[in-house]
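So the chains spell out like this:
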Amino acid sequence: MSNAPTRDAVPPAGAPRPHPLFVALRRLPWGRIGMPAVLVAMAVFFGTINPNFWSVVNLTNVSRQISILALISIGQTFAILSAGIDLSVGSLLALVSVVCAQGMLEFGLVGGIVAGVLAGCAAGLVNGVLIAKARIPAFIATLGMLVAARGLALTLSGGLPIAGLPHEFLVIGAGYWGPFPLPSVIAAAAFVAAYLLLSRTRFGRYVYAMGSNEEAAVLSGINVVKYKIMVYVVSGLCAGIAGVVLTSRVISGQPTLGEVQELYSIAAVVIGGGKITGGVGGIGRTLMGVLVLGMLSNGLNLIQVSSYVQNIVVGAIIIIAVYIDLARERRR
Amino acid sequence: MTAEQPFLEMRGIVKRFPGVLALNDVTITVRAGEVHVLIGENGAGKSTLIKILSGVYPPDGGTILFDGLPVAIRNPHDAQMLGISTIYQELNLVPDMTVAENIFLGREPMLLRRLGVVDRKKLDRQARELLAALNLQIDPRASVRSLGIAQQQMVEIAKALSLNARLIVMDEPTAVLTAHEIDQLFAAIAALKARRVAIIYISHRLDELKTLGDRATVLRDGAWVGTVQVADASVDQLIRMMVGRDLTEKFPKIQIEPGDEVLRVENLSRQGVLHDISFQLRRGEILGIAGLVGAGRTELARAVFGADRFDAGQILLHGRKVDIASPAHAIRKGIALVPEDRKRQGILAHLSIKHNITLTALRDFSRGGFIDMRREHAHAQDYAASMRIAAPDLERWVHYLSGGNQQKVVIAKWLSSRADIFLFDEPTRGIDVAAKVEVYQLMNELLKRGAAIVMISSELPEILGMSDRILVMRGGRICGEFTRAEATEENILDRALRGPLVDRYPQTEATA
Chain U
0 MSNAPTRDAV PPAGAPRPHP LFVALRRLPW GRIGMPAVLV AMAVFFGTIN
50 PNFWSVVNLT NVSRQISILA LISIGQTFAI LSAGIDLSVG SLLALVSVVC
100 AQGMLEFGLV GGIVAGVLAG CAAGLVNGVL IAKARIPAFI ATLGMLVAAR
150 GLALTLSGGL PIAGLPHEFL VIGAGYWGPF PLPSVIAAAA FVAAYLLLSR
200 TRFGRYVYAM GSNEEAAVLS GINVVKYKIM VYVVSGLCAG IAGVVLTSRV
250 ISGQPTLGEV QELYSIAAVV IGGGKITGGV GGIGRTLMGV LVLGMLSNGL
300 NLIQVSSYVQ NIVVGAIIII AVYIDLARER RR
Chain S
0 MTAEQPFLEM RGIVKRFPGV LALNDVTITV RAGEVHVLIG ENGAGKSTLI
50 KILSGVYPPD GGTILFDGLP VAIRNPHDAQ MLGISTIYQE LNLVPDMTVA
100 ENIFLGREPM LLRRLGVVDR KKLDRQAREL LAALNLQIDP RASVRSLGIA
150 QQQMVEIAKA LSLNARLIVM DEPTAVLTAH EIDQLFAAIA ALKARRVAII
200 YISHRLDELK TLGDRATVLR DGAWVGTVQV ADASVDQLIR MMVGRDLTEK
250 FPKIQIEPGD EVLRVENLSR QGVLHDISFQ LRRGEILGIA GLVGAGRTEL
300 ARAVFGADRF DAGQILLHGR KVDIASPAHA IRKGIALVPE DRKRQGILAH
350 LSIKHNITLT ALRDFSRGGF IDMRREHAHA QDYAASMRIA APDLERWVHY
400 LSGGNQQKVV IAKWLSSRAD IFLFDEPTRG IDVAAKVEVY QLMNELLKRG
450 AAIVMISSEL PEILGMSDRI LVMRGGRICG EFTRAEATEE NILDRALRGP
500 LVDRYPQTEA TA
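Protein chains in written order, with numbering that gives the first Met the number 0: chain U, 0 to 331; chain S, 0 to 511.
The hints are simulated quantities; they were obtained by calculation from the structure and are not laboratory data. Some clues are possibly wrong.
The list that follows gives simulated cross-link-like pairs (lysine-lysine, DSSO-like), each with its CA atoms no further than 27 Å apart [said to hold, decoys possible]:
| hint | chain 1 | residue 1 | chain 2 | residue 2 |
| --- | --- | --- | --- | --- |
| 1 | U | 132 | S | 332 |
| 2 | U | 225 | S | 342 |
| 3 | U | 132 | S | 342 |
If we take Cβ atoms under 8 Å as the criterion, some of the chain U residues that face chain S in the derived model are [claimed, not checked]:
| hint | residue |
| --- | --- |
| 4 | 201 |
| 5 | 215 |
| 6 | 278 |
| 7 | 284 |
All values derive from a computational prediction rather than experimental measurement. For glycine and all other residues, C-beta sits at the position ideal for the given N, C-alpha and C.
Using the sequences provided together with the hints, build the complete structure.
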């Protein structure tokens, strides 16, 4: 994050040497501690202006608010790592919500939840087959799904919210596990599972390999078609879980949920340092990106920045984060 | 300026990268109209030096003198203003624009300057003049996409000339060229010399250096070893300077009694690409496949490996007919393909050395899809050590390794797949002499362990030096077969250039 001064081919005689503190700062392993450092700095900044930021109530709130974004960003991480993208996750939240609610009215609590999650997986499977088998670029295939899934959600629901869900369903969105809100616990569990999947399994390794160099991956004997499909099913599964949690939070099936959430999930991945062209990134980095976005919106609210201005800040942060990454890469 | 007086001097250049001293007190001078060859093993610092010269990297120490005055080259534009042009292996042209448009990109002659209207006639005429000055027959109105790689290089050279370049740096220009194209390039270089343009020429082909170079500077491990008059130096002496020791054998061929047949290809054909190809491969032998670029050699290897489909014919492994539908399938059957294009097909640049090496073998040490990390690490360490991959640690991205080390990683990846039939496609392209010998020794190791090797190569000395039998391909057909004893550069080239295209290749003729 420190910027090296550009040096001339011929350093002028007696040029001032950089301050030792500056030199020491430059030597720190910024790649590893950069994002946590930014998070700490942000927390200190918001906490200083408004001490309420540090209250348990607020931090609990933040963790609950970001759980939906966190879940779909996990799926997005898989898609982007494999050199793809999943633009459909926002619309899938709505589709899942409607399917979950209707399923619940039809088959009861568990039936509704299962139906919702399966709807997400099925949409992911369609995405995956279009991308891996029909070789439609991921951007286009999931763009189509973005539009179509929203349309399907509106069609199924007739454009109206679906109310009358069982009271017990509230638990998922509003309940607690010990001191922790259930949505946060679900998101945390998903992070752990995704971390293990990406770093410890063959599937995870192949996701990186496909994203780094698909042709070399094929020649190394990786069944790229199969694993690409799996990537989008995982993303659909994440959207399915997120959709069910969100439906519980609003305790109704809503065909209008999740608009532009896909873009925030992409933002989370790249702010964390994932490369949009694939192969570089990871679940830990995405977590950092989600935390930055979540803390930013909460903190800006607390210090009473208008939501209009908030968007400007978030937009700038996305671009700055990617710029810093690029600058670091160029220096190496 | 006389020929004796250098116009460019890089003095005591130092460059550090995290953990590496890439250049340590390197000095090089360049005179007008000379071809100055820069040689050294992979990772010796050649690329770093020219990147400093062309403004890509700032040096950490040292002085650059241009016409006797110190200059700062802070970016490629500065270099261009001084008259330094660099032609990289990855060419910098816009494929869908014409030759003339590319040469004058950003400097087009204008008809109506205000309105930004280009004077196309003048543009084409000026381009034609430039190309003629280099004795090139290239239509300035052809789109660059339609040109071969050699002609694209020529366009880059013409562009450099149009910028009034006094020094053109060429980074391994012949690595991707055929014999005929190399002749064209050399003619263009002669024309440049006649115009007093200096050339810094990086190459791994020492024979080229002898025909082309005036002086040669040798780098080793980032340090300057010496600068010699090419006419006074023998190839052996140069090799000794590069590797710091005598290379006793450039081709350490061992003889092994060939064993059972492991691979048999019968009448393999693919519409317009491969025609009726048959051969067999036995345990313990290297079957060399020679031919010109585009003769169908790579396509043949890919078909056997299941990377491309074929229309007719069959493949037998250990005497049994097999259907190889995909590379994954081929790997499970014990076939490995070390592909020709390292960057595009071989390495996974943003994966670590470790993860590259183990990619083909993950199945062997995973359970229920979970990778046993400790066994994976041990495995990678074994193979990295046996390939002598020079890197501080195995977690480093392959992206940051030198070409030779990258190739070793690719080979290590294939060794770890535990194949017994190896298809090497241009295994030593773009790597230095010492690394080449290591690759050959590795092939010997494989043979001793009972493997069989098909080696596709465009370098005849390599084909002659390492093969037990040699097939020659032309136009998608096999048009000659020689034993090691029979083969000479002349008869292989003759087949590669003039071999029969229509008739089914008759067995008797080849051995005659």
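key: Holds or violated: residue 225 of chain U to residue 342 of chain S, with C-alpha atoms at most 27 Å apart   = 24 Å, holds
Hint check, residue 284 of chain U versus chain S [nearest Cβ-Cβ separation less than 8 Å] = Since chain S brings no Cβ nearer than about 14 Å to residue 284 of chain U, farther than 8 Å, the hint is violated.
ask   = Is residue 132 of chain U within 27 Å of residue 332 of chain S, Cα to Cα?
value = 25 Å, holds
message = Need the status of pair residue 132 of chain U, residue 342 of chain S: alpha-carbon distance at most 27 Å?
response = 25 Å, holds
inquiry  = So, as I understand it, the hint says residue 201 of chain U touches chain S; can you test that by seeing if any CB pair is closer than 8 Å?
reply    = Holds, because the Cβ-Cβ distance from residue 201 of chain U to chain S comes to roughly 5 Å (cut-off 8 Å).
query = Holds or violated: is there a CB of chain S closer than 8 Å to the CB of residue 215 of chain U?
reply = Because about 5 Å separates residue 215 of chain U from the closest Cβ in chain S, which is inside the 8 Å limit, the hint holds.
inquiry  = Can you verify the interface hint for residue 278 of chain U: is its Cβ closer than 8 Å to any Cβ in chain S?
reply    = 4 Å, holds
Of the numbered hints stated above, the single one contradicted by the structure is hint 7.
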